[in-house]
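Line by line, the protein sequences give chains A and B. Residue numbering for the first sequence follows my numbering, beginning at 1 and increasing consecutively. Residue numbering for the second sequence follows my numbering, beginning at 1 and increasing consecutively.
Source of the hints: derived by calculation from the structure; they are not laboratory data. Be a bit skeptical, because a hint or two may be false.
Said to hold, decoys possible - Computed, partial: chain B to chain A, Cβ under 8 angstroms:
1. Phe23
2. Ile25
3. Ala30
4. Leu32
5. Leu57
6. Tyr61
7. Gln64
8. Gly65
9. Ala66
10. Leu130
11. Ala177
12. Gly220
Note that CB positions come from ideal geometry on N, CA and C, so glycine has one too.
As a plain string of letters, each chain reads:
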Amino acid sequence: MSPANYLLLSALLFSIGAIGVLVRRNAIVVFMCVEMMLNAVNLSLVTFARMNGALDGQVMAFFVMVVAAAEVVVGLAIIMSIFRTRRSSSIDDANLLKY
Amino acid sequence: MTIELLAQAPAGEVIGLGESITFWIMGALALLGALGMVLARNAVHSALCLAGTMLSLAVLYIIQGAPFLGFVQIIVYTGAVMMLFLFVLMLVGRESSDSVVEVLRGQRVAATLFGIGFAALLLGAVGGALFSAPSIGLSPEDAAGRNVHNIGALIFTEYLFAFELTSALLITAALGAMVLAYAQTKGRNKRGQRATVVARLRGEHDRISPLPGPGVFATGNSVAVPALLPDGSIAPESISSIIDATPIEPAGQPEPDAHALTGKRDEEEDQ
């Protein structure tokens, strides 16, 4: 086994998250798939830190976690306010900016 | 010179059997959780599958020499972020499942094909370029003993500016969430307590006082027990109309009598 196995797992998780973003129609589930993609990238960053023998990758993963937390807060607030006005959390219904 | 450099070049680290076993178990669990998240119809099931994936990833971080990140993953992601997701799911309504209607024809199939192709490209690239790449491995003190100290030293020296930008980002996110969450309640002119009382006395409501509560503690502990007025008659408004509408017989209308308070009625009937 080599550390690249972690990278392969990370690539698989990222792809599954991307498929979920494209296929699912519930805005919250789409958001969870984005979180999964961020987590997959974190795993590859930790693996890169290990392969390089330096901690910089772990620091970058830490910053990615901070940004992800901020993104979740703002994104869920947006989903809530859209749900209040449109009574729906489906991303097909939020087409007000289209016209 | 070259010989010395070659001698100093660190040898590739050897991965132990324990780490391999943990990787195969936890990696399989993470993949299962990811697939379950995408395939589950119910959004709550998706959230729980994602929590499982995140826990497996935390274990993978820890065995890779990142104990700090592993515990941050557990506390921040599975603890805070997933609970936030569940809260919003419960607010939005968990039965708001996916619509089956396809807005763009063939979009799901195309998206799945795209994802599989993307995964194939990514796996091919990683496998071709990095599978034989040498791995130096973290030093033992970086990996276990002084991991938190060394990460902290890096954050507060080399990445100090990025760290301060992070604080600005967090404050902006908190303010943005408050603005977005309170935006809807601002326009509505809610009537205050004083205005409500004035409107009540002016006769804009059905009755001046609130409805009387049921006589729960007078004769029994059922909300179907009516309250008694001062002259002993039943206050009809004290029973909710929902209880009257239920088909279950609420033990009839109890008549107002003083024996019900003492509970001696049965003995008198026996005599």
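Q. Looking back at the numbered hints, which does the structure fail to meet, lowest number first?
A. 2, 4, 12
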